[in-house]
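Each protein sequence line maps, in turn, to chains A and B.
Throughout, my numbering is defined as the position within the first sequence, counted from one, plus 15.
Throughout, my numbering is defined as the position within the second sequence, counted from one, plus 15.
No wet-lab data here; the hints were simulated from the structure.
It is possible that part of the hints are untrue.
Any copy, or any two copies together, can satisfy a pair, since identical chains are not distinguished.
Stated by the list, open to error - Simulated crosslink set (DSS-like; lysine-lysine; CA at most 30 Å straight-line):
1. Lys197 <-> Lys47
2. Lys105 <-> Lys284
3. Lys176 <-> Lys85
4. Lys63 <-> Lys47
5. Lys63 <-> Lys73
6. Lys284 <-> Lys179
7. Lys73 <-> Lys37
8. Lys105 <-> Lys179
9. Lys92 <-> Lys252
10. Lys228 <-> Lys281
11. Lys17 <-> Lys37
12. Lys85 <-> Lys17
13. Lys92 <-> Lys17
14. Lys17 <-> Lys52
15. Lys105 <-> Lys209
16. Lys105 <-> Lys256
Number of protein chains: 2
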Amino acid sequence: MKFKRTERIGAIVKILSDNPNKIFTLGYFTNKFNAAKSTISEDLIVVKNVFEKLELGKVITISGAAGGVKYIPKTSKAENEEFLMELCQKISDESRVLSGGFLYLIDLIYDPTIASKIGKIFASNIDYAEADCVVTMETKGIPMALMTAKAMNLPLVIIRKDIKVSEGPTLSMTYVSGNTSKVESMSLPRRAVKPNSKVILIDDFMRGGGTIKGMTDLMSEFGAEVIGTGVFISTMKPEDKMVKDYISLIQLDVNGDNIIVEPNLKTFKDEYQKEFVEGDCDIEEIIED
Amino acid sequence: MKFKRTERIGAIVKILSDNPNKIFTLGYFTNKFNAAKSTISEDLIVVKNVFEKLELGKVITISGAAGGVKYIPKTSKAENEEFLMELCQKISDESRVLSGGFLYLIDLIYDPTIASKIGKIFASNIDYAEADCVVTMETKGIPMALMTAKAMNLPLVIIRKDIKVSEGPTLSMTYVSGNTSKVESMSLPRRAVKPNSKVILIDDFMRGGGTIKGMTDLMSEFGAEVIGTGVFISTMKPEDKMVKDYISLIQLDVNGDNIIVEPNLKTFKDEYQKEFVEGDCDIEEIIED
Numbered sequence: 016m017k018f019k020r021t022e023r024i025g026a027i028v029k030i031l032s033d034n035p036n037k038i039f040t041l042g043y044f045t046n047k048f049n050a051a052k053s054t055i056s057e058d059l060i061v062v063k064n065v066f067e068k069l070e071l072g073k074v075i076t077i078s079g080a081a082g083g084v085k086y087i088p089k090t091s092k093a094e095n096e097e098f099l100m101e102l103c104q105k106i107s108d109e110s111r112v113l114s115g116g117f118l119y120l121i122d123l124i125y126d127p128t129i130a131s132k133i134g135k136i137f138a139s140n141i142d143y144a145e146a147d148c149v150v151t152m153e154t155k156g157i158p159m160a161l162m163t164a165k166a167m168n169l170p171l172v173i174i175r176k177d178i179k180v181s182e183g184p185t186l187s188m189t190y191v192s193g194n195t196s197k198v199e200s201m202s203l204p205r206r207a208v209k210p211n212s213k214v215i216l217i218d219d220f221m222r223g224g225g226t227i228k229g230m231t232d233l234m235s236e237f238g239a240e241v242i243g244t245g246v247f248i249s250t251m252k253p254e255d256k257m258v259k260d261y262i263s264l265i266q267l268d269v270n271g272d273n274i275i276v277e278p279n280l281k282t283f284k285d286e287y288q289k290e291f292v293e294g295d296c297d298i299e300e301i302i303e304d
Numbered sequence: 016m017k018f019k020r021t022e023r024i025g026a027i028v029k030i031l032s033d034n035p036n037k038i039f040t041l042g043y044f045t046n047k048f049n050a051a052k053s054t055i056s057e058d059l060i061v062v063k064n065v066f067e068k069l070e071l072g073k074v075i076t077i078s079g080a081a082g083g084v085k086y087i088p089k090t091s092k093a094e095n096e097e098f099l100m101e102l103c104q105k106i107s108d109e110s111r112v113l114s115g116g117f118l119y120l121i122d123l124i125y126d127p128t129i130a131s132k133i134g135k136i137f138a139s140n141i142d143y144a145e146a147d148c149v150v151t152m153e154t155k156g157i158p159m160a161l162m163t164a165k166a167m168n169l170p171l172v173i174i175r176k177d178i179k180v181s182e183g184p185t186l187s188m189t190y191v192s193g194n195t196s197k198v199e200s201m202s203l204p205r206r207a208v209k210p211n212s213k214v215i216l217i218d219d220f221m222r223g224g225g226t227i228k229g230m231t232d233l234m235s236e237f238g239a240e241v242i243g244t245g246v247f248i249s250t251m252k253p254e255d256k257m258v259k260d261y262i263s264l265i266q267l268d269v270n271g272d273n274i275i276v277e278p279n280l281k282t283f284k285d286e287y288q289k290e291f292v293e294g295d296c297d298i299e300e301i302i303e304d
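Hey, can you work out the whole structure from these sequences and the hints?
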């Protein structure tokens, strides 16, 4: 099939965008579009501009035998701020407060569009170049962890709370959940994580950090190392978490009926944070409204 | 910011592709690209060609006050067949057989790329024009259900197996799981599904259909109606399922060490099925290999 130049460019954008962090050789495109290498190279220059002008990440060229091009998704500072501010407004809606000080959030965190944006923000703020997989614990973190794994082009591993014998030999552990201060169990099939793997942990909520600490310990049992951690919401108290190095998108404090929710940009990568401190944004004004 | 024609086309492809089934007005694009309506209209003709030539779905124009353009993802017959045959080969690997006749599949069904393709195939074979949400039951079906919801631009609802009081007033029920013939429970917060909703059910595995039947009953309790059902794998036996109207992507029979796995194209939409019967594909040959 014959593609015009404009169509080829659209098609290359679609293919790269659907497959973040996957390397495509020049040969793949010359074949698919029945076009010369020089033609595809020119197309790729336009494609690179598209992603950069939209501030949706970078298309980079990798040289060598395993070379080609790949698309690295990255969210812009402006996009992050707008998205997180909107989300904070939704979260702080009074009707979300449940008895016991819990918040009803599953309509938001299960939403595919929101989960997808969260995944891209995690991928923009966690170094995953060396990572082998994304690990989460069921259930509420799964949508955002899957979208993170998609943006990073990594497999997803889900830790179960019960022991599923139907998954073969399984390693189980107990941990103390900060939510309930109860001893809970987690389990994972032996073959789900290979020894010496480097993993990224993703979870939806962190209070004291007990769950993330438990997941880290479980990874040690597999001989795997945690090289990055992302949580969607962390609470302001306790300030001293069991986990030190993490990014959390939103900070939360519930004081009776009073909910304080704000973007937690200080845990973001330097490039986002510095701009935030020096920049022209008016997040604090919006919060004070 | 100024975009050249080729860049605009790439950018429109990216925006539509990232937001399936979302309507964008012409004004959105004229604003974003600082271009005339006639210019954007011309661009959209090229964009439509891109999706059709790649066989990745359709861009349609909606007239009227709420009008604009939207992208409806759709997988092609050739893509479905290639993807499902590859998957069947992976599934039938002997090393996946666990004691008790179970199969180790979580590395496949949690994979973001695979889950994403499964979601697009479901979206191509289930009528969701009237649907309000996608409903699944934890845990293994969540990744494919999320990707289905993303392709359909619908919210995702996850039924829990335990009762989570932290989600507010919750409706719980028991059902008989075909896997274990045990009575199990499922629960869902009252506010997760609105009365008179129309829902799509997605699950990873169906033997007798007890789980899907239970999910359907739970939806009745919410005053909601199931208008489509998709399962990833269904077993050949029992032939007579509790559920009649569903699409299943793969059919499975485990007979001791002997695993028969094949694409279940007869449950696909007519357009796929007829082509399959009449067509030039060689699926049966591949299976007999």
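Do the hints match the structure? See the list:
{"no.": "1", "hint": "Lys197 <-> Lys47", "in the structure": "neither (56 Å within a copy, 51 Å between copies)"}
{"no.": "2", "hint": "Lys105 <-> Lys284", "in the structure": "within (25 Å within a copy, 39 Å between copies)"}
{"no.": "3", "hint": "Lys176 <-> Lys85", "in the structure": "neither (36 Å within a copy, 40 Å between copies)"}
{"no.": "4", "hint": "Lys63 <-> Lys47", "in the structure": "both (19 Å within a copy, 18 Å between copies)"}
{"no.": "5", "hint": "Lys63 <-> Lys73", "in the structure": "both (7 Å within a copy, 25 Å between copies)"}
{"no.": "6", "hint": "Lys284 <-> Lys179", "in the structure": "neither (38 Å within a copy, 35 Å between copies)"}
{"no.": "7", "hint": "Lys73 <-> Lys37", "in the structure": "both (13 Å within a copy, 25 Å between copies)"}
{"no.": "8", "hint": "Lys105 <-> Lys179", "in the structure": "between (36 Å within a copy, 22 Å between copies)"}
{"no.": "9", "hint": "Lys92 <-> Lys252", "in the structure": "within (27 Å within a copy, 54 Å between copies)"}
{"no.": "10", "hint": "Lys228 <-> Lys281", "in the structure": "within (21 Å within a copy, 48 Å between copies)"}
{"no.": "11", "hint": "Lys17 <-> Lys37", "in the structure": "both (25 Å within a copy, 29 Å between copies)"}
{"no.": "12", "hint": "Lys85 <-> Lys17", "in the structure": "both (24 Å within a copy, 25 Å between copies)"}
{"no.": "13", "hint": "Lys92 <-> Lys17", "in the structure": "between (39 Å within a copy, 20 Å between copies)"}
{"no.": "14", "hint": "Lys17 <-> Lys52", "in the structure": "both (15 Å within a copy, 28 Å between copies)"}
{"no.": "15", "hint": "Lys105 <-> Lys209", "in the structure": "between (40 Å within a copy, 19 Å between copies)"}
{"no.": "16", "hint": "Lys105 <-> Lys256", "in the structure": "within (26 Å within a copy, 42 Å between copies)"}
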